[in-house]
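Asker: Sequence:
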Amino acid sequence: MTTETIAAIASGLTHAGIGIIRISGPDALQVGDRVVTLKTGKAIAAVPTHTVHYGLAHEGEEVLDEILAVVMRAPHSFTGEDVVELQCHGGPLIMRRLLDAVLHQGARLAEPGEFTRRAFLNGRMDLSQAEAVMDLIHSQNEFARKASIEQLQGQVSEKVKKLREKILYQLAFIEAALDDPEHISTEGYQEKLNGLLDPLIRELDVLLKDAGSSRILADGVRTVILGRPNAGKSSLLNLLVGEERAIVTDIAGTTRDTLEENIPLGGISLRLVDTAGIRETEDQIEQMGVERAKAQAEKADLLIHMVDASRPLAQEEDEIFRILQGKRAVILMNKSDLTAAVDAETVREKAPGVPVLTFSAREGIGKDALEKTILDMFDAGEIGKRSSVTITNLRHKDALEHARDSLCMVKQSIADGMPEDFYSIDLMEAYRQLGLIIGESVEDDLVNEIFAKFCMGK
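Take the sequence shown: its position 147, counted from the start at 1, is 147 in the UniProt record's numbering, and no numbers get skipped.
Be aware that one or more of the hints could be misleading.
As the list claims (entries may be wrong) - DSSO-like mimics (lysine-lysine), calculated; alpha carbons at most 27 Å apart, straight line:
| # | residue 1 | residue 2 |
| --- | --- | --- |
| 1 | K327 | K372 |
| 2 | K327 | K367 |
| 3 | K159 | K209 |
| 4 | K294 | K327 |
Stated by the list, open to error - Between beta-carbon pairs, the in silico distance windows are:
| # | residue 1 | residue 2 | range |
| --- | --- | --- | --- |
| 5 | R292 | T49 | 55 to 61 Å |
| 6 | H104 | K42 | 20 to 26 Å |
| 7 | E319 | L171 | 51 to 57 Å |
Since the hints were derived computationally from the structure, they do not count as laboratory data. Just so it is clear, the structure is predicted and the values come from calculations on it, not from any experiment. All residues carry an ideal CB built from backbone N, CA and C; glycine is no exception.
Build the full structure now, drawing on both the sequences and the hints.
Answerer: Right, dumping it as structure tokens:
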């Protein structure tokens with residue numbers, strides 16, 4: 001248990017209706033009393049837990065603001081410590097003055113993430129739940145929000161703990177058998193253990209199956225729009241964004257650099273990247289834009305190839321079809337409101353397996369079909385219906401992969417006829433890797449790294 005009392009602005013230093021100064025630690029109630037005079041005349045240290053009180057905040061004889069003091073006593077608070085939250089008017093100046101007054105009365109300025117770190121250290125939440133707090137704050141779409149809430153409520157932790165219990169039971173049996181071979185027989189145990197490992201590995205496979213796409217959906221699908229000059233790429237960006245973000249002209253080569261926008265789409269978000277038209281050019285600046293377009297395509301989660309259906313396919317199009325290979329992609333036969341010069345079947349032959357949609361960025365034709373295709377491509381239409389726990393944290397995914405590898409090593413040891421003590425080494429590693437997710441036997445350096453990413457006041 002820490003002996004220091006900490007404080008910080010918890011609401012963000014910006015203009016708002018209400019600002020919040022959070023104080024946590026063994027002297028939180030006393031510090032609150034030195035800064036606040038309650039209208040009732042009572043001391044903050046004397047009022048019941050989970051109550052709200054009106055008063056005046058002051059620094060010396062100077063009244064700083066009218067405030068509400070929210071009192072939460074240990075262990076029933078966010079941090080597990082005594083907590084006082086002072087709610088003042090939400091101006092940056094008054095929040096700074098009020099925080100300074102609190103610090104002058106014995107509190108220390110909290111480090112980024114220190115309140116949540118204390119919640120973790122005091123057993124109010126495990127490490128995965130602590131990480132969920134940060135993910136929830138930074139969530140940019142419904143998928144990310146729901147996944148963060150799921151994790152914060154302990155669904156990831158519960159799943160991991162159940163897996164660890166199953167592994168621990170096998171470890172305990174092996175250790176007991178090694179310690180007392182006369183009374184505990186291992187005859188037939190290899191076959192039994194092998195059978196128990198299969199469902200464990202399947203459970204990990206289910207968790208890992210959607211982890212990659214889940215991370216993409218939480219962060220936003222990086223979507224790069226490709227095509228030859230004047231194919232309608234910028235018009236598509238403007239259509240999806242809902243405003244004129246990109247300059248649209250009939251002059252080839254108007255877009256010379258990448259332009260990025262975030263848009264919501266069915267509970268997820270697209271990180272749209274408009275690029276320069278891909279063609280051979282002697283214009284040095286335009287050529288740099290073309291190279292950037294190709295570089296963006298390599299990093300993309302999704303490629304949208306705009307084909308100008310009113311013109312025959314050009315040689316440059318072959319380069320784009322090559323880029324599409326092995327990537328999630330969709331092809332839009334744009335300018336369908338004009339006379340067609342190329343048909344969809346010809347394009348399908350160039351890019352087998354890639355969806356080809358009739359489209360008109362100018363008229364908005366095909367927009368709904370494009371959105372449905374993207375959602376189906378990432379299984380995003382099933383958000384909220386998935387039966388398995390959603391894994392969006394890369395650290396968790398890495399630990400699950402290592403745990404799975406260790407269990408597979410146990411199966412290999414059984415197949416090779418190795419003695420039981422070999423099994424326990426890999427079983428223990430699987431147990432340890434799963435423990436890293438919830439903060440069991442985790443290194444201090446990792447804990448420090450995780451909480452250093454938090455914002456001040458959280």
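Asker: Now tell me, hint by hint, if it's right for this structure.
Answerer: Verification of the supplied hints:
For the suggested pair K327 and K372, the alpha carbons sit about 18 Å apart, so the restraint of at most 27 Å is met. Of the supplied pair hints, the one linking K327 and K367 holds, its CA atoms being roughly 21 Å apart against a limit of 27 Å. For the hint pairing K159 with K209, the CA-to-CA distance comes to about 15 Å; that is within 27 Å, so the pair holds. Between K294 and K327, the direct Cα distance comes to roughly 13 Å. Compliance with the 27 Å bound is thereby established for this hinted pair.
A C-beta distance of roughly 58 Å is found between R292 and T49, which places it inside the suggested range of 55 to 61 Å. A beta carbon spacing of about 23 Å between H104 and K42 agrees with the range 20 to 26 Å that was offered as a hint. Distance hint for E319 and L171: a CB-CB separation of about 55 Å, consistent with the stated range 51 to 57 Å.
The structure is consistent with each of the numbered hints, conforming to all of them.
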